[in-house]
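Visitor: Model the full assembly from the supplied sequences, consistent with the hints where possible.
Under this note's numbering, read the sequence shown as residues 522 to 677, first letter to last.
What you were told as hints is all true, and nothing was included just to trick you.
Keeping only pairs whose Cα atoms sit at most 16 angstroms apart, straight-line, the calculated EDC-like set for lysine to aspartate or glutamate is:
1) K636 x E626
2) K608 x E596
3) K617 x E607
Hints were generated in silico from the structure; no laboratory data involved.
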Amino acid sequence: MWRAHLRYHQQAHMGNKPHICEVADCGRKFVTAQQLAVHARTHSGERPFTCEQCGSGFTTAGNLRNHCRSRHTGERPFACSQPGCEKRFAERSSLKKHILVHTGEKPFKCQFCGKGFSQSSCRSMHIKKFHQPSSAGLCEQKANSIQEDSLQTSAQ
Numbered sequence: 522m523w524r525a526h527l528r529y530h531q532q533a534h535m536g537n538k539p540h541i542c543e544v545a546d547c548g549r550k551f552v553t554a555q556q557l558a559v560h561a562r563t564h565s566g567e568r569p570f571t572c573e574q575c576g577s578g579f580t581t582a583g584n585l586r587n588h589c590r591s592r593h594t595g596e597r598p599f600a601c602s603q604p605g606c607e608k609r610f611a612e613r614s615s616l617k618k619h620i621l622v623h624t625g626e627k628p629f630k631c632q633f634c635g636k637g638f639s640q641s642s643c644r645s646m647h648i649k650k651f652h653q654p655s656s657a658g659l660c661e662q663k664a665n666s667i668q669e670d671s672l673q674t675s676a677q
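Guide: Now the structure itself:
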């Protein structure tokens with residue numbers, strides 16, 4: 522069993538993803554047919570895993586488990602290993618995001634100005650605020666002025 526998982530993991534790194542979503546404008550690729558089937562639920566709206574406490578539905582058992590931990594049980598099994606940091610998280614992904622606070626790593630770069638962010642959602646908010654004038658409620662001229670000012674400041 523574990524060898525099969527390792528093989529799929531290695532195939533993903535090699536870009537060998539033969540199972541392709543055929544929904545228009547999607548085209549996501551997957552290593553296994555099972556991964557594609559789970560992904561298809563995002564398009565169909567199927568949510569076969571239901572929370573017994575609140576009735577929320579989920580596409581995978583893992584998503585249901587994460588929901589129960591964060592919303593109902595208060596369980597936080599993922600602890601930060603940084604000395605002096607007592608934070609714990611319900612989801613591994615939340616811990617991974619938190620660790621960036623300690624490392625200072627900012628892997629998500631703005632394609633317009635190069636500013637780095639620790640989370641992709643923060644980069645998206647930055648782009649909407651500073652690089653897409655209609656989203657920020659600014660006219661094109663004012664947005665260009667702000668962008669020029671920020672570029673001059675970062676160049677100094």
